[in-house]
Amino acid sequence: MLRRTLAIAIKELLQLRRDLRTALTLLAMPVLLLFIYGYALSFDVQHIRLAVVDEDGGRAARDVKDAFLESGYFDLVAYGGDIRTLDHMFDAGSAQAALIVPPRYGDDLAAHRRTTLQFVLDGSDSQTATTILGYARQIVASVSPVVPGGARDGPVAGVPLVWYNPDMASARFLVPGLLAFIMMVTAVIATALAVVREKERGTMESLRATPLRAIELLGGKTLPYLLVSFVAASVSLLLAHLLFDVPVRGSLLWLALVMLLFLAVGLGWGIFISTLAETQQVAFQFGLLSAMLPTLLLSGFIFPISSMPSALQVITYAVPARYFLVALREIVLKGAGPEVWWNQALGLVAYGVVVLGLATFRTVRSL
Amino acid sequence: MTSAQPAVVARDLSRTFGAFVAVDRVSFDVAPGEIFGFLGSNGAGKTTTIRMLCGLLAPSGGSATVLGFDVGREAAEIKRRIGYMSQRFSLYSDLTVEENLRFWGGAYGLFGREIAARTEWAIATAGIEGQRHTLVRELPGGFRQRLALVAALLHQPPIVFLDEPTGGVDPEARRRFWDLIDTLSGTGTTVFVTTHSMDEAERCHRVALMHAGRLLALDSVPALKSVFAAGAIVEVTCHHPVAAMAAIERLPGVEDVALFGDRLHVVLAHAPAEGVAAIVQELRGEAPVVTKVPPSLEDVFIHMIARAEGRAA
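Protein chains in written order, with my numbering: chain A, 1 to 367; chain B, 1 to 313.
Incorrect hints may appear among the rest.
Estimated spans, in silico, between C-beta atoms of each pair [to be verified]: (1) B:Ala31 x A:Gln285: 45 to 53 Å; (2) B:Trp121 x A:Leu24: 50 to 58 Å; (3) B:Ala19 x A:Leu257: 49 to 57 Å; (4) A:Gln281 x B:Leu135: 21 to 29 Å; (5) B:Gly167 x A:Gln281: 20 to 28 Å; (6) A:Thr22 x B:Pro140: 23 to 31 Å; (7) B:Ala124 x A:Arg17: 54 to 62 Å; (8) A:Leu257 x B:Leu135: 38 to 46 Å.
None of these hints come from the bench; they were simulated from the model. Think of the CB as a built atom: it goes at the ideal place given N, C-alpha and C, for glycine as much as any other residue.
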C-alpha cells in the first residue's frame, strides 16, 4: 500500500521537476499574486485632495490644518479664506474634501465655548467618503481639547476605539483573505490536472491494469503537491508579514496545521474535479473558476458574511475558505488558540473527508 | 494452478454498449505458454475482449477466467498476476527509461531491491542499455514498444496481454518485438496478442479470427489454411479487375472473389483445372493471367467473413 503510494508520489515529483511551467506556477504564482493584489487591493484611502478654508486665520486654525496634513492621508490643494472657491474646486475634481474653520474658532476654543468645524466631502464614491469621514473624525477628535467637565464640550463627540487593527489598516484584514485566496487557487490548480492528464495521455489505462488502488493513486498524487503548496503558502505568509505588517501573534504550529488542513481541502477539490473532467482544459477552467469566485465573494475575504442575505450565508458553508479565513484571522491577528477556532478546523476536516471521499468514489468506479 | 489448466477460459463472453454488440458470445481456451493471436479488423471486438480479460471492463454476459480467477468478480486478483500493454502508448514520455521502469515496478508493488533487479533485467531484455537515462519521448518507436512490453513484465506475470503492440513501427522493429515474444513464450509465459496484421498472426501458435464481435474460426495457422484443401486459390491479373469480379463470381465452382490490391483472389471449390479454364474463357478480352497461389491467412480471413455474412444474409 505504502510502496505503491510512494511510487506515484515520486513519479509526480519527477514529472514536476521536468515541467518547469507548472513548477513555476505553483511556487512563484502565489508570491506574484500577493504582490499584485497586496498593493492594489486596499480599502485605505491616501492622497485625499483637501482644500482648507480658513475664516479664522489664527494659530488654532493652523493647528487643525496641520493635524490633517500630518495624518498622512491628506494632501493640501488649496488654502485660503474664501468659501466661494470650493464649488468650483469640487466640480473640477481638484478637491475631494474641504475643511472649513469658522471665524472666531480660536477665540471660542480658548473660551471653552462650543464651536464647529465644517467638513465637506465629495460623496459620489460612498465607500471612499465613509473612509475619509472616519479619518476626519479621528483627527478632529485629536485636536479637540479635553475640557474639564466632559469631553462633550469639544467640537466633535464620540471617539471610535478600534481593536486589533488600531489604525484600521485594511491590509491586516485583507491580506489573510488574500492568502486564503492564493492558497485555494494554487492548490486546486496543482491537482486539477493530475488525474485527467493521465486519462488524456492514455497512461490511465495502464495504471488501471495494475493492482494500484484508488486511494493509493489519489494519495500519491496529493501528497507531493501538499508539500509544494505548503512551501509556497509559507513563503507568501512570510512576505505578507514583511511587506504588509501582517502580524503572526498565534502559535506557528497551529498555523501550520490549519494551513495544511486548508491546502488538503483545496487539493482534494482539485483532484475531484480531475476525476470528473474528460480534458485538461475543462479541468483547468472549472478548477480556476470554482476556486476563485467563491473564495473571492463568499468566504468573508472582502464582503463580511454577516452582512449577506441569509440565503447566501447558507451557501457560504460550502466554501472551504470560509472556515480557514476565520481560523487564520484568529491565529495571526489575535493569537487565538484552538479553543476559539476548533470548530472551523473541524469544518475543514469534514470538508476534506467529503471531497477526497467523492474523488475516491469516482476513481474506484473508473479503476 | 497446475500447468494443465488453461490460462484463459472464455465461455459465451459478451459485451454490449447500449444497442451495439461489441463482443458476441465468444468462447475459447488459451493454453499456458501459448502465443494466442486475436486477429480482426478495427472494431471487430478485439480490444473489448482483451479489456474484459484484464478486469478493466465487466462482461455483459457469459463468463471468463484468467489463471482461474473470474474476470467479473476477481478483477483485483487478476490485475496482480497479469501484464497488460494497452493499444495507446502507455509509458510516461516525460520520464527516463529507468524512471519509468522503477515507477511501474513500484505500481506493481515490488520492493526496492526487486525493483532494481527487475529494472536491470528489463533494460537488458529490451536491448536498450545505452538509453537508460534517455527521456522516453526521445526514444525511437521500436525501443518504446519493447520498453512498454518489458514494463508490463516487471512483476513476472505468467500471462501478458498485448493490444496491437506493434502499431506504427518499422518492419525491423516489429521483427525484434516478435523475437522477444518468442523468447517469452519459450520461458513459459502465455502471450495473448491482438493484431490486424496477417504477418504477425502467422507467428502465433493459434489464431482466433474475430469479425463484428463474433469468433469466426480458431485454430493453428496451417489448420486454418486447410479450409481450402479440397479446392484452390488462384490469383487473377487483368485490365479491369473490379469489373471482372462480378463476372467471375457468377461462374460455377467459384466460392468467392476478393480484391487484393490490383489483382483478384478467387476461391475455387474444386481442383483448379476446370475453374481456371472457365475464368480464362470468361475474361478473354482482358488478357488475364491466372496462377495458382498458396492460401494466405488473409485468404482464410476474407473467406470466413464472406461465409459468415452469407449465412447471416
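How the hints compare with the structure:
At about 52 Å, the beta-carbon gap between Ala31 of chain B and Gln285 of chain A stays in the expected band of 45 to 53 Å. With their beta carbons about 38 Å apart, Trp121 of chain B and Leu24 of chain A fall outside the hinted range of 50 to 58 Å. As the Cβ distance of Ala19 of chain B to Leu257 of chain A is approximately 55 Å, the hint placing it in 49 to 57 Å holds. The hint said 21 to 29 Å for the Cβ distance between Gln281 of chain A and Leu135 of chain B, and at roughly 25 Å that hint holds.
Under the hint 20 to 28 Å, the C-beta atoms of Gly167 of chain B and Gln281 of chain A, about 27 Å apart, fit the expected range. Hint check: Thr22 of chain A to Pro140 of chain B, Cβ distance near 28 Å, so the stated range 23 to 31 Å holds. At roughly 27 Å, the beta-carbon separation of Ala124 of chain B and Arg17 of chain A lies outside the given 54 to 62 Å, and the hint is violated. Range check, Leu257 of chain A to Leu135 of chain B: about 39 Å between beta-carbon atoms, so the 38 to 46 Å window is met.
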